Amino acid sequence: MCQHAYHRNPIFCVVPPYVIDEIVDKGTPQQRAAALRTKAVDNTFRALRLATQPARFSPQRQASRAPIITPQKRRTIYTANNTQNLPGTLVRAEGQSATGDIAVDEAYDGLGATFDFYEQVFDRNSIDDAGMPLDATVHFGQDYNNAFWNSVQMVFGDGDGQIFNRFTIALDVMGHELTHGVTEDESQLQYFNQSGALNESMSDVFGSLIKQYLKKQTAAQADWLIGEGLLASGIKGVALRSMKDPGSAFDDPLLGKDPQPKHMNNFVHTFEDNGGVHINSGIPNHAFYRVATLLGGNAWEKAGRIWYDALRDARVRPNTGFRRFAQVTYDVAGRLYGLTGLERKAVQEGWAAVGITV
Amino acid sequence: MRIDFTQEGGLGYFPGLSKPVTIEVDRLGASEAEELKRLVEASHFFDLPATIGAPARGAADYQYYVLTVEDSGRRHTVRILIPVEDVTLQDLIQAVQKQVKAARAVGRGASPDPTADKSP
Chain G
1 MCQHAYHRNP IFCVVPPYVI DEIVDKGTPQ QRAAALRTKA VDNTFRALRL ATQPARFSPQ
61 RQASRAPIIT PQKRRTIYTA NNTQNLPGTL VRAEGQSATG DIAVDEAYDG LGATFDFYEQ
121 VFDRNSIDDA GMPLDATVHF GQDYNNAFWN SVQMVFGDGD GQIFNRFTIA LDVMGHELTH
181 GVTEDESQLQ YFNQSGALNE SMSDVFGSLI KQYLKKQTAA QADWLIGEGL LASGIKGVAL
241 RSMKDPGSAF DDPLLGKDPQ PKHMNNFVHT FEDNGGVHIN SGIPNHAFYR VATLLGGNAW
301 EKAGRIWYDA LRDARVRPNT GFRRFAQVTY DVAGRLYGLT GLERKAVQEG WAAVGITV
Chain X
1 MRIDFTQEGG LGYFPGLSKP VTIEVDRLGA SEAEELKRLV EASHFFDLPA TIGAPARGAA
61 DYQYYVLTVE DSGRRHTVRI LIPVEDVTLQ DLIQAVQKQV KAARAVGRGA SPDPTADKSP
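Chains as they are written, first to last, in this note's numbering: chain G, 1 to 358; chain X, 1 to 120.
It is possible that part of the hints are untrue.
What the hints assert, rightly or not - Now the in silico label distances, taken between C-beta atoms and shown as ranges:
no., chain 1, residue 1, chain 2, residue 2, range
1, G, 72, X, 54, 30 to 36 Å
2, G, 29, X, 68, 48 to 54 Å
3, X, 106, G, 116, 30 to 36 Å
To be verified - In silico lysine-lysine, DSS-like type, Cα no more than 30 Å apart, as pairs:
no., chain 1, residue 1, chain 2, residue 2
4, X, 101, X, 19
5, X, 101, G, 236
6, G, 257, X, 98
7, X, 98, G, 244
Hint data in this document are derived by calculation from the structure and do not stem from the laboratory.
Quick caveat, the model's predicted, so the values are computed rather than measured.
Idealized CB from N, CA, C, for every residue including glycine.
Construct all of the structure, not just a fragment, from the sequences and the given hints.
As C-alpha cells, then:
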C-alpha cells in the first residue's frame with residue numbers, strides 16, 4: 001500500500017485492477033466508494049490519453065503490450081442521467097449484481113456476452129485482444145434515438161418510445177457497436193464509402209453471430225435481422241436491417257423504406273450517410289448470410305472464422321473495398337479448409353450471389 | 001425566423017428521418033416562438049463555426065444535428081456532433097426537436113397544430 005503523505009486516499013497509487021475489484025466487492029462503504037472513484041478516474045484518463053494518440057494500433061505498440069495471462073472481463077456501466085455528459089455516473093462495476101435499471105443491466109449483460117463470444121469462439125481477449133475494459137453509458141440524452149461507439153466506449157440512448165425503444169434491448173446492436181472497436185483494432189477500415197460499408201458490415205456480421213451464439217441457433221434457425229425489437233410498436237418494420245433480405249426490414253410513413261441493396265447492380269452512390277455506409281453494407285451482409293446458410297450448422301464456426309481471419313489479414317487495409325475483401329475471404333477459406341473444400345466454394349457462391357466474382 | 005433541422009448519421013439510415021423539417025417560428029405559439037428566438041440569440045448562433053466537434057478515430061454510428069437558421073436576411077448552418085457540450089446549444093436543440101416531433105406527428109395524421117402553416 002502507498003505511504004505518500006500528500007495523497008488523500010491510499011488507493012490512488014499503483015494498485016492492480018484486481019485488487020481494486022476486490023475492494024469494490026468486499027470493502028467498507030467508504031473503501032468501496034474510493035475504489036469506484038478510482039476506476040472512474042482511470043477510465044477518464046485512459047479516454048483522454050487515447051483521444052490524443054495519433055496511431056493507437058501501430059505494430060510497435062502492439063508488440064510492447066505485456067501479455068495478459070487470463071482474459072478477464074472489466075465492465076463498467078455509467079448513466080448520463082439523460083444529459084449528454086460522458087461517461088456520466090458509475091452505476092455498475094464488474095462483478096456487481098443487477099441494479100434493477102433495465103438499461104444498465106442489459107448493457108452489462110450485452111458487454112459480457114460480446115466478450116464471451118470473442119474469447120470462446122476466437123480466443124480474442126476483449127476488443128483489442130489485450131484485455132481492453134468495456135465501458136458503456138446508458139440513458140444518454142433525452143429520448144435519444146441512437147447508440148454509438150465513440151472510439152473508447154459505447155453510448156446508448158433510451159429511444160423516444162414512438163420510433164425506437166431503448167437501444168440496449170437488442171444484443172446484436174451492442175455486439176455491433178463493440179465490433180467497431182475490433183474492426184478499428186485490426187484493420188482501421190475508413191468510415192466512408194465502400195470501406196465504410198465493409199466496416200459496417202463487419203459489425204452487423206459479428207453482432208448477429210453474437211446473438212446466434214447466445215441463443216445457440218444454427219444459420220437456418222437465425223432470423224438474420226439486425227436490431228429486432230428496437231422499432232417501437234406502431235412502426236411498420238421488423239428491424240433496422242435484414243441480412244437475409246436487404247431492403248425488407250422496414251417500410252414506414254415516417255422512416256421511409258429500407259434502402260439497402262443486396263447486389264452490386266444496385267449499389268447506392270450517395271453523399272449521405274458517409275457515402276452510404278449503412279446502406280451498401282447490405283451487399284457484404286447478404287454475401288455472409290449466403291455463405292453461412294450454404295455451409296449450414298453454426299454460422300460462427302466456419303463462415304464466422306473465415307470472416308474473422310479475413311478481417312485480420314494484412315491485405316485488408318483502411319481503404320479496402322468489397323472486391324478485395326471478397327478475394328481475401330476466398331483465400332482464407334482455402335487456407336483454412338483446403339483448396340478443394342466446400343467452404344471455399346461456398347464463399348465463391350456467396351459473393352457471386354451479390355455480384356462479386358472471386 | 002425559420003429553422004431547418006435534420007440529423008446525419010446514426011446506427012442506421014432511415015430516408016424519412018434524413019429529410020429536413022422546417023419550422024416557421026413566427027407561426028408558432030407566442031411563448032414557443034419567443035423561447036426559440038431567445039435561444040438562438042443566447043447561443044450566438046450566427047457566430048458559430050460551420051462544424052462543431054469531430055469524431056475520434058475509430059468512432060462509428062455517431063450523429064450530427066444540422067441546424068439552419070434564417071432570420072432578417074441572415075442565414076447560417078451549423079453541424080453539431082453529438083454529444084453536444086455547450087449547454088445553451090443543448091437547450092436550443094431540445095426546443096427545436098420538440099417542434100420537429102410535433103411537425104412529424106402532423107405528417108402522420110395526428111391532430112394538426114392550429115398555428116401551423118396550412119398553405120400547400
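Here's how the hints hold up against the structure:
no.: 1; hint: G:72 with X:54: 30 to 36 Å; verdict: 33 Å, holds
no.: 2; hint: G:29 with X:68: 48 to 54 Å; verdict: 52 Å, holds
no.: 3; hint: X:106 with G:116: 30 to 36 Å; verdict: 47 Å, violated
no.: 4; hint: X:101 with X:19; verdict: 13 Å, holds
no.: 5; hint: X:101 with G:236; verdict: 18 Å, holds
no.: 6; hint: G:257 with X:98; verdict: 24 Å, holds
no.: 7; hint: X:98 with G:244; verdict: 37 Å, violated
Of the numbered hints stated above, those contradicted by the structure are hints 3, 7, listed in ascending order.
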